[in-house]
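Top line first, the protein sequences correspond to chains U and A.
Counting from 8, one number per residue, gives the positions in the first sequence under the working numbering.
Counting from 5, one number per residue, gives the positions in the second sequence under the working numbering.
Among the hints, erroneous ones may be present.
Derived pair list, reagent style BS3-like, types lysine-lysine, alpha-carbon separation capped at 25 Å [to be verified]:
(1) K19(A) - K115(A)
(2) K98(A) - K75(A)
(3) K9(A) - K98(A)
(4) K46(A) - K9(A)
(5) K75(A) - K62(A)
(6) K64(U) - K46(A)
(7) K115(A) - K46(A)
(8) K16(U) - K115(A)
(9) K64(U) - K9(A)
(10) K111(A) - K16(U)
(11) K64(U) - K62(A)
(12) K75(A) - K9(A)
Quick caveat, the hints were computed from the structure, so don't treat them as lab data.
Every value quoted in this text rests on a predicted model; they were computed, and no experiment measured them.
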Amino acid sequence: DSGVTQTPKHLITATGQRVTLRCSPRSGDLSVYWYQQSLDQGLQFLIQYYNGEERAKGNILERFSAQQFPDLHSELNLSSLELGDSALYFCASSPRGSGSTGELFFGEGSRLTVL
Amino acid sequence: QQQVKQSPQSLIVQKGGISIINCAYENTAFDYFPWYQQFPGKGPALLIAIRPDVSEKKEGRFTISFNKSAKQFSLHIMDSQPGDSATYFCAASKGSNYQLIWGAGTKLIIKP
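Make a model of the complete structure from these sequences and hints.
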């Protein structure tokens with residue numbers, strides 16, 4: 008158990024809909040990352056938040072947005088869903104401060120199916 | 005220059021054999037090279053990591069070999085076991101910036 012909690016574990020929805028994925032990082036971790044993993048594909052970095060502020064942006068579509076709340080949990084919002092958005096969405100957190108090993112702790116993912 | 009190229013895409017090894025996965029990078033500023041292991045239905049988890057001041061790091065049956073001049077690093081799994089069957093990702097980052105650049109992954113199957 009990595010200590011990172013993601014909900015829901017599975018989600019089935021229709022094209023054009025909007026969904027919200029939730030992530031609770033490990034206790035004490037200030038950084039949250041979102042990744043997308045399509046079937047048998049690698050990890051695509053979407054976005055990183057650090058203590059409530061956006062820190063880095065990857066290949067995140069304009070239809071997607073995220074935020075990190077004062078209690079450090081994060082939400083990834085996916086709107087106008089398309090079939091190609093079907094994927095596993097992972098949240099990861101990392102320890103605060105510099106000099107860290109840089110280890111990311113991943114949740115078990117939210118599997119999104121768009122029909 | 006930000007890419008990390010990983011090979012092979014898939015690998016089948018007999019139980020007890022050595023599994024070798026390779027990664028290459030271009031950015032000489034990278035100074036942290038981790039390997040993550042992902043089992044089906046689970047998130048990736050850190051397996052082993054190396055910094056460029058050493059050429060090799062061993063943890064149990066898992067060894068990272070690092071060749072700074074060739075800008076390559078590899079994961080060796082000795083005495084491979086069926087429980088090692090998973091997808092392995094290499095990655096790289098620079099400085100205290102945690103922005104990992106990921107390889108495409110290698111699906112490893114260990115045949116009993």
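Given pair status - K9(A), K46(A), alpha carbons within 25 Å: 23 Å, holds
Taken at face value, is the distance from the CA of K98(A) to the CA of K9(A) at most 25 Å? Holds, because 16 Å separates the two Cα atoms, which is no more than 25 Å.
If you draw a straight line from the CA of K111(A) to the CA of K16(U), is it 25 Å or shorter? 23 Å, holds
Check the hint pairing K64(U) with K9(A) against an upper bound of 25 Å on the C-alpha distance. 21 Å, holds
Given the hinted pair K64(U) and K46(A), is their Cα-Cα distance within 25 Å? 24 Å, holds
Within a Cα-Cα threshold of 25 Å, do K75(A) and K9(A) meet the stated pairing? Distance of about 11 Å is within 25 Å: holds.
CA of K19(A) to CA of K115(A), is that 25 Å or under? 6 Å, holds
Please work out if K16(U) and K115(A) have their alpha carbons no farther apart than 25 Å. 30 Å, violated
Within 25 Å, alpha carbon to alpha carbon, are K75(A) and K62(A)? Cα-Cα ~19 Å, so holds.
Going straight from one Cα to the other, do K115(A) and K46(A) come out at no more than 25 Å? 21 Å, holds
Has the given pair, K64(U) with K62(A), been kept, meaning a C-alpha gap of at most 25 Å? 34 Å, violated
Starting from K98(A), check that the Cα of K75(A) is at most 25 Å away, please. OK: K98(A) and K75(A) at ~14 Å, within 25 Å.
Of the hints listed earlier, those the structure fails to meet are numbers 8, 11, in rising order.
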